[in-house]
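The whole structure should be built from the sequences, with the hints applied where relevant.
What follows is each chain in one-letter form.
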Amino acid sequence: MIIKVENLTKVFKSYQRGNTFGEAVKSLFVRKPIYVHALKGISFNIEEGELVGFLGPNGAGKSTTLKILTGIMHPSGGKAEIMGYTPWKDRKKYVAKIGAVFGQKSQLLWDIPPVDAFYLNKAIYSIPERSFKKTLHKMVELLGVEELIKKPTRQLSLGERMKCEFIMAMLHKPKIVFLDEPTIGLDVIAKDKIREFILEMNRNGVTFILTTHDLDDIAHLAQRVIVVNHGEIVFDDSLTTLRNYLGVKKIISVSTMRPLPELRLPGIKITNRISDYKAELELDLSKYELNKFIALVNKSSTIMDLSVQDPEIEEVIKGLYH
Amino acid sequence: MFSGQKMLIKLRHTIEVLKATAVATYKEWTAYRSHMAVSIFVGPVFFLTQAFIWRAVYSSRTTLNGLTLEQMLTYYGISAVINYLTYDSADWDLQMLIRTGQFLTFMLRPLSYGYFAFSQKVGHRILAFWVELVPIYLIFFYLFKIELIPVAPWWALLSIFLSFVLVFFTNYCIGITAFWLTKTEGIRRAFLVARDLAAGTFIPLTFFPEIMQKALFFLPFQFITYVPTRVFIGDYELVGLTMSIPEIVGLQFVATLVMYGVSKILWRFGIKRFTGVGA
Amino acid sequence: MMTNFRLYLQGVKVALSSRMAYRGDFFMSMIIMLLVEMGAPLLTILIYHNGASFPGWTMYEALLLQGVFLLAKGIAFPFFFGIVWNTIGRVQEGTFDLLLIKPKSVLFLAIVTAFDSEDLGKLLGGITLFALSLSEIPPPGLWEWLQFAALFFIALTTLFGFALILAGLGIVWIGNFRVYDIFESVVNFGKYPAALFSKSVQTMITLIIPIAILGYIPATALLGKPAAGTWSAVTVSVVFLLFSLWFWHWMLKKYSSAGG
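Taken in order, these protein sequences are the chains called A, E and Z.
In terms of numbering that gives the first Met the number 0, the first sequence has 173 at position 174, counting the first letter as 1, and numbering is strictly consecutive.
In terms of numbering that gives the first Met the number 0, the second sequence has 54 at position 55, counting the first letter as 1, and numbering is strictly consecutive.
In terms of numbering that gives the first Met the number 0, the third sequence has 185 at position 186, counting the first letter as 1, and numbering is strictly consecutive.
What the hints contain is simulated information worked out from the structure, not anything from laboratory work.
Cβ atoms here follow ideal geometry from the backbone N, Cα and C, with glycine treated the same way.
Careful: at least some of the hints might be erroneous.
Far from chain E, by Cβ distances over 10 Å, these chain A residues were calculated [as the list claims (entries may be wrong)]:
| id | residue |
| --- | --- |
| 1 | Asn6 |
| 2 | Arg30 |
| 3 | Gln103 |
| 4 | Ser105 |
| 5 | Ser130 |
| 6 | Glu199 |
| 7 | Val205 |
| 8 | Asn228 |
| 9 | Val247 |
| 10 | Arg257 |
| 11 | Ile267 |
| 12 | Ala294 |
| 13 | Leu305 |
| 14 | Ser306 |
| 15 | Glu313 |
| 16 | Leu319 |
Here are the simulated EDC-like cross-link-like pairs (lysine to aspartate or glutamate), alpha carbons at most 16 Å apart as the crow flies [said to hold, decoys possible]:
| id | chain 1 | residue 1 | chain 2 | residue 2 |
| --- | --- | --- | --- | --- |
| 17 | A | Lys291 | A | Asp275 |
| 18 | E | Lys26 | A | Asp115 |
| 19 | A | Lys277 | A | Glu261 |
| 20 | A | Lys249 | A | Glu279 |
| 21 | E | Lys26 | A | Asp110 |
| 22 | A | Lys92 | A | Glu80 |
| 23 | E | Lys271 | A | Asp89 |
| 24 | A | Lys172 | A | Glu47 |
| 25 | A | Lys3 | A | Glu49 |
| 26 | E | Lys18 | A | Asp115 |
| 27 | A | Lys249 | A | Asp309 |
| 28 | A | Lys298 | A | Glu261 |
Only part of the chain A face toward chain E is listed, based on derived beta-carbon distances under 8 Å [unchecked claim]:
| id | residue |
| --- | --- |
| 29 | His73 |
| 30 | Lys91 |
| 31 | Gln106 |
| 32 | Leu108 |
| 33 | Asp115 |
| 34 | Ile123 |
| 35 | Ile126 |
Below is the structure:
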């Protein structure tokens with residue numbers, strides 16, 4: 000086991016602050032403390048080589064977890080052991096072994112080319128020259144940024160910059176890499192390239208922990224999904240299980256020769272009745288089997304066209320957040 | 000591995016980080032050398048105002064507070080030049096990183112931020128050396144005819160180096176306050192004004208009332224500008240107290256050590272707050 | 000006009016309340032904004048206390064001059080001089096475009112969004128220094144006050160001109176907040192009696208760049224010993240204002256035609 004987390008908790012203390020002018024003046028003199036329980040006891044284990052997605056709405060505790068696991072924040076309670084280290088103790092030794100890309104916070108230096116920033120990390124992580132050259136060459140090729148790394152960072156597009164952030168974070172060949180919203184704001188092509196890169200690195204044995212709002216990231220990358228809400232883990236299993244979590248559902252759209260019946264039966268939920276001859280609906284297979292449904296509709300209305308789809312992952316997640 | 004060998008490796012790593020950081024910072028700021036070069040205009044213009052004011056003040060006398068006009072202008076010239084060597088923005092940089100959250104990226108690397116910031120200062124000042132200092136030195140030396148040759152060059156260099164380090168630690172401490180205060184502009188500027196005043200940038204410290212001179216003697220700020228300038232000139236005096244050059248430089252060394260200690264302690268508390276210990 | 004004024008007040012209110020949210024720092028900053036301006040008065044006091052003087056000026060006369068200067072700055076900096084940092088910052092961040100797409104004059108919007116509350120400290124300092132030194136000299140007559148008021152108004156328009164030039168520079172010289180340093184070094188001449196300077200500098204600061212008008216000229220009018228060349232200085236100030244308006248619009252045109 001490369002990561003072992005046990006009953007992690009975190010409580011934040013903050014102060015109430017008004018919005019209006021009057022309240023703002025008042026807040027200069029009196030402040031009310033507010034306690035927020037960001038994590039209420041989180042436990043999980045991650046094996047070497049896993050690619051785990053962390054999901055959750057804003058303020059669910061994702062970032063807090065990530066900050067604790069990267070050694071930036073001390074938890075209020077609980078244990079964590081990563082590669083034999085407790086992240087928030089012995090920070091320097093620990094972070095030398097991990098990599099991190101925080102989508103909103105750049106490690107690159109704005110006014111100079113990424114390659115100069117790479118050399119800075121080479122010194123900071125004491126990467127031997129040969130290993131540095133080899134890793135750099137490999138990653139530059141994988142991401143297709145040979146030309147870009149010599150241009151000033153400020154001239155690069157967001158996608159190009161993000162590719163360079165990945166190189167920056169992985170030059171020292173970390174065993175575990177933490178990613179926070181790595182594809183935020185990127186176009187489809189850049190997203191694909193970065194996902195490909197992550198998968199390739201994962202095949203080489205790197206463990207990834209990924210937090211994101213982009214469910215496409217999860218669908219493309221993660222074998223395992225941990226969903227956090229209100230500071231607690233509400234789901235921790237494979238992506239397929241996640242899809243099935245709220246019952247095996249299918250999305251069906253159907254058009255018929257004769258008017259459709261009411262279809263008020265357990266397991267059938269009409270989501271959109273377009274006309275008497277056309278409708279979209281959700282079918283819960285545990286309550287009503289697909290072949291029975293088709294037979295029923297065909298008998299009553301004669302099917303002209305019918306399509307069956309899996310529900311969008313978004314829908315599943317929304318169900319979990321409630 | 001022998002512990003000696005280990006230390007050697009550690010030392011080499013430390014130097015590597017200094018070099019890499021300084022080089023990166025130098026390159027970063029090269030893009031803004033025109034901003035830096037503004038000093039070539041601003042520095043001499045400020046000096047000119049001073050020169051006119053003091054010339055007028057001295058029109059009816061030959062000495063003031065024991066200084067001749069020439070000595071007075073030499074004081075301003077030297078202190079300006081020293082400030083270009085020792086200036087840094089460690090306070091601004093750190094509070095900016097904390098405020099934007101970018102400070103995270105330093106916590107994620109096996110590195111002490113303080114050492115990184117100091118290395119940045121080295122790179123920044125190397126660029127400033129030829130963009131600001133050399134032109135201004137030449138203007139002061141040849142145009143304004145200021146005697147910019149130290150009496151005891153090695154002592155002057157040592158004193159300027161100590162000031163370089165001391166300025167860093169004081170500014171760094173101000174930057175650390177950003178861990179507590181969401182906005183530190185106010186305290187930052189308050190400190191800078193107080194610092195410049197107490198350091199002797201506006202006027203030689205001997206012009207202050209006796210009681211203030213006494214207080215200033217025990218503050219670390221005189222070691223920022225006043226002491227290196229006096230060492231450069233070759234004699235030291237404050238509150239009617241004269242000291243030999245080695246004595247005052249020794250004191251400056253102690254003050255630098257103290258500031259180092261203060262910054263270490265402040266940092267420990269600041270980082271505790273950042274990482275949310277006990278919260 | 001009325002809507003514009005209301006818009007301006009709204010800008011002031013927003014700036015104030017967002018600034019108030021940071022406890023402590025606001026008052027601190029205000030006091031500091033005052034203290035940073037105390038360099039010249041402090042130097043003056045120390046010079047007089049060490050038994051020396053500016054030839055032909057008593058200490059309080061010199062302090063009055065600096066009080067006038069600080070009063071002008073204290074009005075300019077919070078209420079309209081902020082266009083300088085506002086413009087530089089916006090051009091640097093790319094949010095300057097937001098001003099261009101609104102149905103109002105860009106200059107007006109740049110002023111509205113640039114109210115600088117902490118610089119009110121300068122105003123406070125200006126009033127204090129002005130009042131204190133005024134109480135130590137013979138009270139000026141009505142005629143002196145009228146002259147002073149007119150010249151002080153010209154000083155304000157001149158500061159507006161300076162703001163336009165610095166902001167205009169900030170459009171093309173991206174991210175360079177050091178234009179403030181240039182400004183401070185140049186106007187430093189305005190904080191002292193012009194007679195201290197050489198003839199060529201005096202000509203420079205009255206007839207070429209209107210700096211003496213920022214403190215020296217209104218102060219001498221109030222002290223009842225109007226400086227020679229007051230009228231030409233006023234003329235130069237008006238020309239300067241027109242020039243700066245033209246300069247700002249020229250830079251603005253450069254910005255919008257450069258595009259993206």
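(message) Check whether the Cα positions of Lys92/A and Glu80/A lie no farther apart than 16 Å.
(response) Holds - the C-alpha atoms of Glu80/A and Lys92/A are around 14 Å apart, at most 16 Å.
(request) Quickly compare the C-alpha distance for Lys271/E and Asp89/A to 16 Å and report which way the hint goes. (result) Cα-Cα ~14 Å, so holds.
(message) If we take the beta carbon of Leu319/A, is the closest beta carbon in chain E still more than 10 Å away?
(response) holds (28 Å)
(request) Please settle this one: Arg257/A was flagged as non-interface, so is its CB more than 10 Å from every CB on chain E? (result) holds (62 Å)
(message) Would the hint on Asp115/A be counted as holding, given a Cβ-Cβ threshold of 8 Å to chain E?
(response) Hint holds; Asp115/A Cβ to chain E Cβ min 5 Å, cut 8 Å.
(request) Hold the hint about Gln106/A up to the distance rule: shortest CB distance to chain E must be less than 8 Å. (result) This hint holds: Gln106/A lies near chain E, its Cβ roughly 5 Å from the closest one there, short of 8 Å.
(request) Would you check whether the claim that Ala294/A is not at the interface survives, using Cβ distances to chain E and the 10 Å cut-off? (result) Answer for Ala294/A: holds, closest chain E Cβ roughly 59 Å.
(request) Find the nearest Cβ of chain E to the Cβ of Ser105/A and say whether that gap is larger than 10 Å. (result) Answer for Ser105/A: violated, closest chain E Cβ roughly 7 Å.
(request) Grab the minimum beta-carbon distance between Leu305/A and chain E and tell me whether it stays above 10 Å. (result) holds (51 Å)
(message) Is the claim that Asn6/A lies outside the interface with chain E correct, judged by CB distances over 10 Å?
(response) holds (17 Å)
(message) Hint validation: Ile123/A versus chain E, beta carbon distance must be below 8 Å. Holds or violated?
(response) With Cβ-Cβ at 5 Å, under 8 Å, it holds.
(request) Test the statement that Glu199/A is away from the interface with chain E: the closest C-beta pair must be farther apart than 10 Å. (result) holds (22 Å)
Checked against the numbered hints given earlier, this structure breaks hints 3, 4, 17, 35; the rest are met.
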